[in-house]
Structure formats: C-alpha cells, structure tokens
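Asks: Each chain is listed here by its residues.
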Amino acid sequence: MHPIEIFVDAPGKAGCYSGGMCATSVGMANMGLFEGYDTGGFYDEMFLSPGHPRPHYAKLFHRLAAMAPAQFEERRKLADLSFLIQGITFTVYSDGRGTERLFPFDLVPRIIPSSEWARVDRGLSQRVIALNLFLQDVYGQQSIFRDKRIPRSLVYSCPAFRREVVGVEVPRGIHTHICGIDLVRDSKTGEFCVLEDNVRTPSGVSYVLENRLVMTRTLPDAFQAYEVLPVNHYPAELSRILRSLSPRGEGNAQIVLLTPGIYNSAYFEHSFLAQQMGIELVEGRDLIVDGGIVYMKTIRGLTRVDVIYRRVDDEFLDSLTFRPDSILGVPGLMGAYRAGNVALANAVGNGVADDKAIYAYVPDFIRYYLGEEPILRSVETYICARPEDLAYVLDHLKELVVKAVGESGGYGMLIGPASDSAKIEAFRERIQANPRNYIAQPVISLSRVPAYDETEGCVAGRHVDLRPYCLYDGEKVTIVPGGLTRVALTKGSLVVNSSQGGGSKDTWVLRGDE
Amino acid sequence: MLSRIAESLFWLARYIERAEGTSRILDVNYHMLLEQSQQSYRPRWEPLLIMAGEEDRFRKLYDEVNGANVFEFLAFREDNPSSIVQCVAKARENARTIRDRISREMWEDINGLYHMAIRYIPEEEIAAGPHRFCDKIKFGAHRFHGVTDATLPHDEGWEFLRIGRALERAEMTARLVDVQYHNLLDGPPAENALDNHQWMAVLRSVGAYEAYHRQYHPPIEPEKVAEMLILHSQHPHSIRFSATDVQSGLRAVSGSGRGSYANEAERLAGRLVERLNYDRIGEIFHQGLHGYLDDLLRICGLIGEDIARTYFYYAVVA
Numbered sequence: 111m112h113p114i115e116i117f118v119d120a121p122g123k124a125g126c127y128s129g130g131m132c133a134t135s136v137g138m139a140n141m142g143l144f145e146g147y148d149t150g151g152f153y154d155e156m157f158l159s160p161g162h163p164r165p166h167y168a169k170l171f172h173r174l175a176a177m178a179p180a181q182f183e184e185r186r187k188l189a190d191l192s193f194l195i196q197g198i199t200f201t202v203y204s205d206g207r208g209t210e211r212l213f214p215f216d217l218v219p220r221i222i223p224s225s226e227w228a229r230v231d232r233g234l235s236q237r238v239i240a241l242n243l244f245l246q247d248v249y250g251q252q253s254i255f256r257d258k259r260i261p262r263s264l265v266y267s268c269p270a271f272r273r274e275v276v277g278v279e280v281p282r283g284i285h286t287h288i289c290g291i292d293l294v295r296d297s298k299t300g301e302f303c304v305l306e307d308n309v310r311t312p313s314g315v316s317y318v319l320e321n322r323l324v325m326t327r328t329l330p331d332a333f334q335a336y337e338v339l340p341v342n343h344y345p346a347e348l349s350r351i352l353r354s355l356s357p358r359g360e361g362n363a364q365i366v367l368l369t370p371g372i373y374n375s376a377y378f379e380h381s382f383l384a385q386q387m388g389i390e391l392v393e394g395r396d397l398i399v400d401g402g403i404v405y406m407k408t409i410r411g412l413t414r415v416d417v418i419y420r421r422v423d424d425e426f427l428d429s430l431t432f433r434p435d436s437i438l439g440v441p442g443l444m445g446a447y448r449a450g451n452v453a454l455a456n457a458v459g460n461g462v463a464d465d466k467a468i469y470a471y472v473p474d475f476i477r478y479y480l481g482e483e484p485i486l487r488s489v490e491t492y493i494c495a496r497p498e499d500l501a502y503v504l505d506h507l508k509e510l511v512v513k514a515v516g517e518s519g520g521y522g523m524l525i526g527p528a529s530d531s532a533k534i535e536a537f538r539e540r541i542q543a544n545p546r547n548y549i550a551q552p553v554i555s556l557s558r559v560p561a562y563d564e565t566e567g568c569v570a571g572r573h574v575d576l577r578p579y580c581l582y583d584g585e586k587v588t589i590v591p592g593g594l595t596r597v598a599l600t601k602g603s604l605v606v607n608s609s610q611g612g613g614s615k616d617t618w619v620l621r622g623d624e
Numbered sequence: 016m017l018s019r020i021a022e023s024l025f026w027l028a029r030y031i032e033r034a035e036g037t038s039r040i041l042d043v044n045y046h047m048l049l050e051q052s053q054q055s056y057r058p059r060w061e062p063l064l065i066m067a068g069e070e071d072r073f074r075k076l077y078d079e080v081n082g083a084n085v086f087e088f089l090a091f092r093e094d095n096p097s098s099i100v101q102c103v104a105k106a107r108e109n110a111r112t113i114r115d116r117i118s119r120e121m122w123e124d125i126n127g128l129y130h131m132a133i134r135y136i137p138e139e140e141i142a143a144g145p146h147r148f149c150d151k152i153k154f155g156a157h158r159f160h161g162v163t164d165a166t167l168p169h170d171e172g173w174e175f176l177r178i179g180r181a182l183e184r185a186e187m188t189a190r191l192v193d194v195q196y197h198n199l200l201d202g203p204p205a206e207n208a209l210d211n212h213q214w215m216a217v218l219r220s221v222g223a224y225e226a227y228h229r230q231y232h233p234p235i236e237p238e239k240v241a242e243m244l245i246l247h248s249q250h251p252h253s254i255r256f257s258a259t260d261v262q263s264g265l266r267a268v269s270g271s272g273r274g275s276y277a278n279e280a281e282r283l284a285g286r287l288v289e290r291l292n293y294d295r296i297g298e299i300f301h302q303g304l305h306g307y308l309d310d311l312l313r314i315c316g317l318i319g320e321d322i323a324r325t326y327f328y329y330a331v332v333a
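Protein chains in written order, with the working numbering: chain A, 111 to 624; chain B, 16 to 333.
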C-alpha cells in the first residue's frame, strides 16, 4: 500500500494531506505563481527585474509560470509527505518534550551557473587548506604566534581551544576532514562571501542529498530542462577519506559513526550517512576502551574500531578528559586517540578555527600559509577583544550585527537595526562585561531567491545563504557542487536557521552557464 | 552485529506484536461484550485489563470500568505504556535507533503506521467503536511483517526480530487462555450459549476460529480451544508453535544443532518445546491449567532475561 493511503484513511485529519485545492486566484496568464513578484531592491538571484529572469533561470521561470498554483501546491504537498514518511525530521526542544518537525523544503530550486561556481570552488578549497594548516600549526609548531600574525592570547582564550591535544599528531595531518562553510551573496554585486566557517561537526549534507531526490521526483520536467551536476557521490568520497585514516591499514578498517543518539537534532543525518556508507552507527554506550584500544560491543564479543566519524562535540567525547558528566562519549577515548590507535574525524580541537573572532584572521592565514590572496571575500568583522574595535562597536550598535563567538544556530545575536533601544542597551552591558565573547559585523542584506509562500499562495523573494560541504583528504578538497541553500521563509527575515523558521532548497550547479 | 542493534530489533518486534495482540483482543471482546450487555448480563471488562497487565494503572485513572474507558485506556492513553498507540510509538522509536540497519521500506512502513496511529482522535473512535482502529493496527502489523520478510536479509538481525515476535506471541496467548478460563471459573453461572460465545471470541482474537472448525466438530468445547491454543503444532498463534519459533531463532543465531544448546535461553526454550510436544491437554487440565500457564509465562520471562544476558548486555569492566 502506498503510504499516502494511510493518511487519507486516518479519520479526524482526513484530507489534510490530500491534493491541494487551494483557493488562490489565477493571475495573468503568463505570470502564474510569479504574479506581483517584487525584487524589493535586493540582489534577486532569479530576476534582473520583475518578469525578466536572468538567463540561467529562464527555463525554470517559464515552466513554473505555466503551472497553475493549485498544481504547484499539490506537488509541494507530495514533497512534504515524502519527507514525513521518510522521517526526515529534526527535533526541537522548545516545548520541553522534543518534537519532531519537518525541515521545510521549498520547491523552487536555486540555480548557480558553472562559471560562478568555479570561483566558489577554488575559493573554498583554498580556505579549507589554510584552515587545516592553521590547526596543524596551533596544535603543533605554533609558528604563527612567533611570527606574530595572530595574538596567542586570542587563540588560547577560545572556548573551543583544547590544550589536551597540543602535540598530538593526527593521521595524515588532516584536521578538517569535513567542513561546512557558510556563504552569502553581496546585496549589490551578488558576489559570494564567507560568513562563517564550520569545521567541528557541520550538519545538513543529508538534506542536500534528500532534497535532490525529492526534487527529481516532484518536478522532473523542470529538472530535465537543465544539465545539473550530481551530488550523490558525497558518501562514497567521505567513506574513502575515513578509510584512509585507519591505523591498521585500509584492508580491514572498521569504521563507525558516533552519534549522540535519536534525541539529537541531526540524528536523521547520522543514520542516513551511516547507511549510505555502509558503516556501523554507534552510540557511546556501544563502545569501550580497553588497553588503549577502542572496541564495539557486538553479539559475538568485542570488535576493534579503527576510525570514528564522530558527530559528538569535543567536550562530550571522553568523560575522563573533558566533561566528567558526559554519557554520550567513551571513557578513555582520548587515550586511544593520543596513542594513535584510533582516528577521529573531524579532529579534536577544531573549534578554535571557526571561532567567530578567529574568523577575522582567516584571510591572513591564507596569505601566511599559502602565500596567496584570498579568492573569497570575508565579511568585515570587529573583534570586541580589541579596545579600538570595542569602542567602535559600542558607538554603532544600532547599525551592526553583534554575535556571541561561542553560539551558533542564530542564537545569542543582536541585529541592531531591528532592535529597540532596551534590547540594545541590554546587549551593551553583556558586551562590556565580556568583550572577548563578542564580534560585530555590518548588516548584510542577503540575496533573495523566489520561494513559495503558503499563506499568500504565490511565490515571493526570500533571503538565502549557502552551505557547501568540503571534504579534505590531505591533498585535495572535494566539494559537492552546490550545497545546502537555507532560506528564511518568514517574510523579511534574515535568519535562515532551521530552529528559527528557516527552510531549505535544492541547489543546482549547472554543467554550463544556462 | 552490535548488541544494541540486536536488542532494538528484538524489542521492535515485541512491541509490534503487543500492539497487534492488544488490538485483536480488544476488537473481538469489545463487540462480544456489547452483545452480552444487551442480554441483561453484566459484561466483564476486567479480563481485558488483566490480560494487558494494567489493571492497577487503570483503576488509578478511571472511576468506572466500562467499554469506552477500557477502549480509550488500552488503545490511546499516553500514560498507559501498554496502550496500542504507545506500543506502536515504542516500536517506531526502536526502529528509529536502527534505521540505518533495517530496510528503507521497513522504516517507512513503521513510520507511516506511527503517523497514522497518532492521528486518530480518541473521542471519535470511541463513538465509532474499536473495530476500524484495531483493524488498521492489525493489518499494519501484518504488513510490517510482510515488508520485513521481503526486504530484510534473513540474517541474524532477522532472527532477533523473529525471536522477539514469537516470545511476545507465546506470552500473549498464554495470558489470553489463562484469563478466559479464570473468568469462566469465577464468573456467574452462565448459560452454555454465553460460554460458547466467549470461546468463539477467544478463537477469533487469535485468528483461529476457522482453523478450529476444520480440526474439531461443534460445539466449541473449552478444553479443545485450550488444546488448540496451547498445543497445536501448526497454528501460528499457539504457544507450541511460537516456542518452536523462539527455539529455531536462537539456534540460527548461535549455530547450535539439535540436542545441544549454547546458552541458558536455548536450554530453556528446548525444554519448553519438548514439554509442549509431548504434553496432552487432559494432563494439563488434571494438574491445573492456571498453574501450567503460569509456569510457561515464567519460563518465557527467563528466556527473555537470558537472551539479554547472552547477547545484549556487557558486564561493566572494572
């Protein structure tokens, strides 16, 4: 029986998943969903001006515009149902119980022409290699301190700096096996710039793969009109890299993915990747360290583990080394890691490289370690730990975005122009109490891409960012073309995080430019 | 295979079976009891609660034992860990922790069953009667078993599912027979027609009504019903059949041959099967049915414990 039948059968809510009979008015014959679309003075990735799509969006525009809103709505609901049945959900804890929610999927794809992507790809590779060299240096020779390119105190005061791994040699010198680097486009020129690096345990790649699958099933005609670069080689490439780290050689490498468990918001991704790579998905309680060797507990006894793709944060990995109250990790794991008996990806201590204050120095890392100019621009950043920056920030709170360096997920943020004076003053006190904990950046008006607005029954411009996923094997960086486009589905919102009303889009990198 | 995965498979199957068994018992008995109540015979809902092992909890939550309350309690209550919806939720929770190890079809099927189950509105179902809800659950469980057999490699993981399902089923049937006999012995002196009615319901609740009639001649006799449910070699709901399934599953995992055993669970299962192979229903009644079933339940409990000891748990290393 097809799952849909189940839902239509269920009494009480019957019909809530059936095809859309949305009472939207059908607009002018040739505009359809795009009736009344307004670019609003932002960089709109689809339109040069209303009704005039950019060349690489033309085919998509004509197909979507020809579609009746009710038909679009029906396809959209089919896509939602597909995500629900597959259990592609994330968990939110706002109600104290942990509720599963769908990560809203917007059916209008985002398209990036080949020539634009080529520059992004080169820029990301350069950045990932520089970040890896920085981590090698900070936990190794520390030449960057001696050459005074970054203050030692700034690095050592990062909450994510791990003294425990200074001097530990990681397999093949790789710290940043998997990076998710958040990009935004300049609101005037459309140029891609780096907003944030994520080199600890970045998540979201499973949505890239699942979005593509659902997209090809839901809008096959539009998809076929383009030559879109594939994304589904990601698990195979990751698996290859993990295998190469095995201390016992690749032949009999036992690789596992360590998850905090089903209550983690990214649990779906953990099980998805384990399944795609054909490796064991384990929780901390499945592993045990004996004599400096990590084993997993099987029904036939203990089996040695060589490589752990861990999706558990540093401080929870080993209660003997880090937080003693952690039950998510494996006591003694760090001992086995230091002894070289087990490899961890990503390496421990990576958080020092994606600290929001360190971010300001990454262009210097590129110049210092690679002798190159950065290909991708960073966003101008004021580091409140510097007295002159602090003074400027406190004077211009109304114009700036202030972020706590240790927070993620869109929390601990002040968006100056959107805040009243009470909120600004409260934030001022927090900054003054602990300047090291804050950085500030000018407000970036993210570029916009059309997205379907359920309440209005039409397509409207919504702000987006992009998180490409970069895999580093010690020699070259492999980037899945595109990545996760996150979209702020709420009108006017700049926050794209899934925990705060964000959704995602399938991202198409074209083989050519149209 | 990771111990935790084996354990989740075992419990996944147990919870599905429990949801299915409770649905069957509720469906059949509810309608039977309603018919009885029209014949100025006070229906006895308590046995349904005893079968579910949740009588005390029910009394804490409700003032009156009536059809609507029993149905709501056994089918929907979130604070009844044995309610059908809670069993489906736990089955799905177990499946979720191992979704990378079961087939995509299995996961989507159980996930769909869960989303269906939580969308029912208890008030509406109470008004409609349990049949449509229970039927959906029953066939949902059947479909899950079908999807499992067709899409999961029949390796040791599949064996743990089989063991969990068979062990749960043996226990459900033992409790069903026990409670019904208890009920008849304790109940008011009833007319034969009513008893007959009740035994028809027992047979129907394990889907054995038609099979009974092929094997035995009317009228329905309690002793023959008991024989069918305890000792039948081929009916998939008999205790003997289920115990044999448990034994085969355990042997497939350990590789033990006939006449040998690798652990305590296998020894107990082997002894249980032999007993059921050679006991006669007359002897069982002679020594006391309740005591006999009680002993079977105790052994099933011990088998479950030893499976956990052998395959699931690791002693803490000092």
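Since the hints were derived computationally from the structure, they do not count as laboratory data. Treat each hint with caution, since some may be false.
With a cut-off of at most 25 Å between alpha-carbon atoms, the simulated SDA-like pairs for lysine to any residue come out as follows [as the list claims (entries may be wrong)]:
no., chain 1, residue 1, chain 2, residue 2
1, A, Lys169, A, Pro330
2, B, Lys151, A, Ile195
3, B, Lys105, A, Lys169
4, A, Lys187, B, Arg134
5, B, Lys151, A, Ser375
6, A, Lys298, A, Pro160
7, B, Lys105, A, Ile485
8, A, Lys407, B, Met16
9, A, Lys407, A, Arg358
10, A, Lys407, B, Lys151
11, A, Lys586, A, Pro330
12, A, Lys298, A, Asp190
In silico negatives: residues of chain A with every beta carbon more than 12 Å from chain B [unchecked claim]:
no., residue
13, Glu210
14, Trp227
15, Leu243
16, Ile260
17, Ala384
18, Ile409
19, Asp623
By construction, the Cβ of each residue, glycine as well, lies at the ideal position given by its N, Cα and C atoms.
Asks: Now tell me, hint by hint, if it's right for this structure.
Replies: Hint by hint, here is what the structure shows:
For the suggested pair A:Lys169 and A:Pro330, the alpha carbons sit about 13 Å apart, so the restraint of at most 25 Å is met. Between B:Lys151 and A:Ile195, the direct Cα distance comes to roughly 17 Å. Compliance with the 25 Å bound is thereby established for this hinted pair. With a C-alpha separation of about 47 Å, the suggested pairing of B:Lys105 with A:Lys169 is violated against the 25 Å cut-off. Proposed proximity of A:Lys187 and B:Arg134 is supported: the alpha carbons are some 18 Å apart, at most 25 Å.
Using a Cα cut-off of 25 Å, the hinted pair B:Lys151 and A:Ser375 is violated, with the two alpha carbons roughly 31 Å apart. Between the alpha carbons of A:Lys298 and A:Pro160 the distance comes to roughly 17 Å, so the proposed pair stays at or under 25 Å and holds. At roughly 51 Å between alpha-carbon atoms, B:Lys105 and A:Ile485 are farther apart than 25 Å, so this suggested pair is violated. The hinted pair formed by A:Lys407 and B:Met16 meets the criterion: a straight-line CA distance of about 8 Å does not exceed 25 Å.
About 19 Å separates the Cα atoms of A:Lys407 and A:Arg358, which keeps this hinted pair within 25 Å; it holds. Distance restraint check for A:Lys407 and B:Lys151: the Cα-Cα separation of roughly 38 Å exceeds the 25 Å cut-off, and the hinted pair is therefore not satisfied. Among the hinted pairs, A:Lys586 with A:Pro330 is inconsistent with the structure: their alpha-carbon atoms are about 33 Å apart, more than 25 Å. With a C-alpha separation of about 34 Å, the suggested pair A:Lys298 and A:Asp190 falls outside the 25 Å cut-off, and the hint is violated.
The claim that A:Glu210 is not at the interface with chain B is violated, since a C-beta of that chain comes within 12 Å of its own (minimum 10 Å). With a least CB separation of 31 Å from chain B, A:Trp227 remains clear of the 12 Å interface cut-off, as annotated. A cut-off of 12 Å between C-beta atoms confirms that A:Leu243 is not in contact with chain B; the least separation is 34 Å. For A:Ile260, the condition that its CB be more than 12 Å from all CB atoms of chain B holds, with the nearest at approximately 41 Å.
A cut-off of 12 Å between C-beta atoms contradicts the statement that A:Ala384 is not in contact with chain B; the least separation is 4 Å. A beta-carbon of chain B is positioned within 12 Å of the beta-carbon of A:Ile409; the least distance is around 4 Å. Consistency note on A:Asp623: stated as away from chain B, and its beta-carbon is indeed over 12 Å from all of that chain's, at 37 Å minimum.
In this structure, the hints that do not hold are numbers 3, 5, 7, 10, 11, 12, 13, 17 and 18, in rising order.
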